[in-house]
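Colleague: As a plain string of letters, each chain reads:
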Amino acid sequence: SQTIHQWPATLVQPVGSPLSLECTVEGTSNPNLYWYRQAAGRGLQLLFYSVGIGQISSEVPQNLSASRPQDRQFILSSKKLLLSDSGFYLCAWNGGATYNEQFFGPGTRLTVL
Amino acid sequence: KNEVEQSPQNLTAQEGEFITINCSYSVGISALHWLQQHPGGGIVSLFMLSSGKKKHGRLIATINIQEKHSSLHITASHPRDSAVYICAVSPSGTYKYIFGTGTRLKVLA
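As you go down the protein sequences, you meet chains A and B in turn. Heads up: the first sequence at position 13 corresponds to 13 in the numbering used here, and the numbers run straight through without jumps. Heads up: the second sequence at position 9 corresponds to 9 in the numbering used here, and the numbers run straight through without jumps.
Because the hints were derived from the structure by calculation, they are not lab data. Every residue, glycine too, gets a C-beta built ideally from N, C-alpha and C.
Listed next, the stretches of chain B that the computed footprint assigns to chain A, with coverage defined by at least 3 CB atoms under 8 Å from CB atoms of chain A:
| no. | stretch |
| --- | --- |
| 1 | 28–34 |
| 2 | 43–50 |
| 3 | 95–109 |
Looking at chain B on its own, in the form it has when it is part of the complex (with noise of 0.2 Å):
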């Protein structure tokens, strides 16, 4: 079993709808981040969450620590959300990234 798992592993919106990605990890973290993937390959940090509750436009991202799980919620998504998007975890005493298997998210207009 990974120590990081996300679901769904693949997901396909309609343009406007709501969307939660989902992580659950089984170690103890110093933080967990979100990642995005464009298709080109670059990756970009969208969120890095010790506890509680962040939003940037119209991405929000909660984690909860005692469950071991955290979301990425995007509201009214657009086309050009469509991407990978990654959760890692910093376990707890490292600077190390461990990474889940990803979310392909393709929004269609």
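Okay, chain A solo, but in the shape it has when bound (with noise of 0.2 Å):
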């Protein structure tokens, strides 16, 4: 069966410190991947999705990157963070036979201060 890991769980920053997020899945191989990030009290919005190794699509401009350096890995990363950088960040696969359902890691609560 297909599992997706996040870590860490939870990470206090403070302002202008790098950050690097790892999400990984398995059990498929060739997953469409996905970045989310839930500001408190607010909606899910997608920051980046990635359909192969090295393809990434970013649907907001922002402070943050990510890169897929393997087939089942996904990291989020920026080298200075901000206050608004604060928030819920989720992980999201898709593909094969669930190719019209997203499956949800378990997340990473980040705080910037």
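Two chains, two frames, some hints: make the complex.
Modeller: Structural data, given as structure tokens:
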């Protein structure tokens, strides 16, 4: 069966520090991968999605970047965090027989101070 | 105007009540999804609909494609149903989701 992992689960970082969040999927190959952010009291916003290794599409201009160095690994990064980067970050995947349904990771709660 | 609108935004119910959450959308879709987000943040998929009605336990989801509207019903609500319920649509021709802002449900014992 397929599983999706995210780490860390929680993170507190100072303004101006770098960020690296990791997402990995097991039990499937060539998944579509997604990064979402949910700011406090707000809905989910799609940040990046990837349909293959090295292929990244950005949905909104921002302080963040994403990379997909391996088929089932998706990384969200920032060189310098802003206060507005605080939020709950979710990774999701779909593909194969479940192409029309996304499955979500447990999320990372990021607080920028 | 958001492409996916949910109502109500917040809902408080007494245990045992019948609950309805509504979702309207303005784009052509290949599927509509109802998701549940627990207080810890994790998201679980409840239903994926492209037509008609689905039932799972005390949860029922319906969709009217012509009217671009879906409802999620909870029968005999229980405090463990307290969560944020999110409607999301997959626009035609894409696997991406467009999300509603969610309905925060609190069921009191």
